[in-house]
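Participant: Go ahead and model the full structure; you've got the sequences and the hints to work with.
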Amino acid sequence: MSDSDVTVSVDGVPRRVPASATVAAALLQLGVTTFRRDLSGQARGPVCGMGTCFECRVTIDGQPEMRACLVPVREGMRVETDL
Amino acid sequence: MNASSAPDVTVIGAGLVGAATALRLAETGLHVLLVDADFAGGGSTGAAMGHIVAMDDSPVQLALCADSRRRWDILSESLPAAAECDRCGTLWLAANDDELATAAQRVSGYTAQGIHAEVLGELELQGVEPHLAPGLAGALLVPGDLVVYPPTIARELVERAVALGARLREHAVVSALGPREVRFRDGTRLATGAVVIAAGVASADLVPGLPIVPRKGHLVITDRQPGLVRHQLVELGYLQSAHTFGAASVAFNVQPRRTGQLLIGSSRELVGLDPSINRPLLARMLTRAQQFIPRLRDARAVRTWTGFRPTTPDKLPLIGRWPSLPDLWIAAGHEGLGITMAPGTAELIVAGILGQMPAVDPAPFRPDRPMPQLESEAA
Amino acid sequence: MSERRRVDIVVVGAGPAGLAAAAAAAARGRRVLVIDQGLRPGGQVWRHQSEAELPARARTLMVRARNAGATFAAEARVVDINSAHELIVDFRGRIAPVGTESIVLATGARERFLPFPGWTLPGVMGVGGLQALYKSGLRMTGKRIVIGGTGPLLLPVAAALAHAGADVRFVAEQAGAAALLRFGASLGFSPAKLLEGARYRGAFLSTPYRTNSWIVAAAGEGRLRSVTVQTGKRQVEFDCDFAAAAMGLVPNAELAQLLGCVMQDDAIGVGALQETSVAGVFAAGECTGVKGDDAGIAEGEIAGAAAAGDLRAARHAALVSRRDAGRRFGARLATTFAPRREVLTLAAPDTILCRCEDVACGAIQPEWSQRQAKLWTRVGMGVCQGAVCGPACSAMFGWQGNAVRPPLHSPAVGGWSESLTHEG
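Residue numbers (the numbering used here), protein chains in the order written: chain F, 823 to 905; chain D, 19 to 397; chain Y, 870 to 1293.
Everything labelled a hint here was simulated from the structure, so no lab data went into it. These figures come from a predicted structure and were not determined experimentally. Don't be surprised by glycine CBs; every beta carbon is placed ideally from N, CA and C. Treat the hints loosely; a few may be bogus.
Derived list of chain F stretches under chain Y, where covered just means 3 residues or more per stretch with a C-beta under 8 Å from a C-beta of chain Y [said to hold, decoys possible]: (1) 834-846; (2) 849-856; (3) 859-869; (4) 874-887.
Facilitator: Here it is as structure tokens:
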């Protein structure tokens, strides 16, 4: 099944991602593995895939602490990770 | 001290008051046994806001707060990071010019106790706390007040006491007291020199007639809101709420934590020891908080809990001898100031037991002083 | 002030059990509102992007529920209650109370994560977690995967990922071969399940699937590079892009506890009609004990009928028999796939235990009570409120689980406080 793509900006860089993906899946598909950093600066990424673990938190359209696995991508969306 | 010899002092209750007292006693070389029904800091200490505040509801209260806060200044320098000490200061918010004038009159009382306090006008207040709702007349700033995380401090002080030779008995419930004797629920009895009751709301169970009742409070912690609030913010009406005994009351009280999370309080009600969340009261508390900080509306509420303030009819703690038994001391009934007054309380108990000069006049805190009748349900 | 909606029955969760309950209740003329935090109904096991991906019985159930008139609220979650007859619901950020006669809890289950060195590296996910991300758009082609877990979920997930193009390098089942054989024999009562297992296995014959095996450590610099698997007496390292590591499922019972429902072990306690200990509150599916979606559908039918007042239908022999068989299956699951001692003791003192608050395993003394550990170290006090570390601590230290307090799912202060009952 082919998927149309949309453009989202990831840490300031425009990227093409599948229109039906969640932000978490899209970021992982792009090779992004660091979603947030813990208190000692260690990288963290998605774990549970269902909104329970809160490890996939990124800033979406200026809103911080959004669980990327629960949010579908949208054309023009701005995503910021903790790089 | 070997395991079987009687301790010089048995301290019952390892919350912050008991832990501080046990440590000070151990520092003087006395043999101390510290007993707790559960674990150190597991009672009201574990629910507390951790606001070290110079509160001046009365000169007597302020004197003990001031003395105790100075001891916190010294103590905080050696506490571990888990104690989360932060000298963010307190802003007492004045809703109108009358409240601001009253606040201004309090400055001299603070100054007399060596506590720096200054009045901020409306614009200055907006400058230091830009997210406060407009329309406040100003505030009284007490910059030397601190915020701490009490449970880890109780743990730390207990560990220091044990390192100095104090003995610790956790998960041990005291069922009764005899003359220089502590009786446990498991049937064992322990001979002791003096006994110090620092058991918070459970103190009245051990000492019949002790005028302590639990006053329940709610707290809510939010997600990270960096920069939203910089000081502990308390409305001047808080004193009114703390003062009135009758119906349930709320008063605005918000604390910034090191993590950027906010602690939202406060409420007071007399419902015994029922820990369940009172949603209508919680709603009132949160509504009031949003009136002062509108942006709280969008902060996320992560968790709610309740705690019990051990309260006396005249709002002053009970610190000193209780005459029903020889060498029985009380260190309890601090209402919302248990954390603040813990070090100063410990000093008064040590001075009393050793017959030394106290740092603060202990007479107003005599546990068997005449008490006013509890106010009936207020209109 | 937020408007107050009124319905007859709120179904919390749109997985198999919730859909079955909604269909059953709506078919009997009740006004049903189904609340689910996902974008589409289906829960975890029927997660989909297009309905064509779904098994027939899933589509059928969704159609039945819709045609019967049940309303669905997607991206919605219950954050608090004013009573068993008024839920406070966060509808995509707008919070409002919902009045209801009855509630059916179909809140499902989540994975049990047990800590091991390196488990917090990006790329280490749950078993259901990795599958969920694949179903949400993460392509598997050429990705090297190691799966380490337990229970019937392993093979279907491995097969699905292999079918999607992943290079599944190893599937480690921590249960022993003898226990699995006994389990397989007990499935003699359920031939359908045996066939299902064989079909999955056939899908990727070349991949090693070993019992008595588990992931002992993950390694990498800022992201997963490899895992080490203990298999029998050997340890083998596999380079991989993703590791799917979780030990079974635990029921989501937080809302039930908020409502005051009595628990049975770690699940919501229910009687013959799927009723909980709270009048008007029913529960169905994995939240009453992990047992698979067949039984969940039967339980949902029973709960939906019972909530709608049709007790005769709720006692229908065929439904009851499927439900009871499911409970027995669930009991066998629990004993066969209980985490073994070795996987409960993989963590090193510096291995993170509480991911939200960065509390290391070594910070907890095993003799502490849960409350003690919570107050002294903040374990379980972070944003996930113990959803991840809670089951680990329960398995590792025997703790009973946090006392559940409102709110759930961190609602905005404003919307929540407006929906709370105010004093009259």
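Participant: Next step is simple, just say for each hint if it's right about the structure.
Facilitator: Evaluated hints:
Coverage of the region 834-846 of chain F by chain Y holds [criterion: at least 3 residues with CB-CB distance below 8 Å; count 6]. With a threshold of 8 Å between beta carbons, the proposed coverage of the region 849-856 of chain F by chain Y holds, since 4 of its residues qualify and at least three are required. Figure legend: the region 859-869 of chain F, annotated as covered by chain Y; annotation consistent (9 residues with Cβ-Cβ distances under 8 Å, at least 3 required). For the region 874-887 of chain F, the stated coverage by chain Y holds: 5 residues have a C-beta nearer than 8 Å to a C-beta of that chain, and at least 3 were required.
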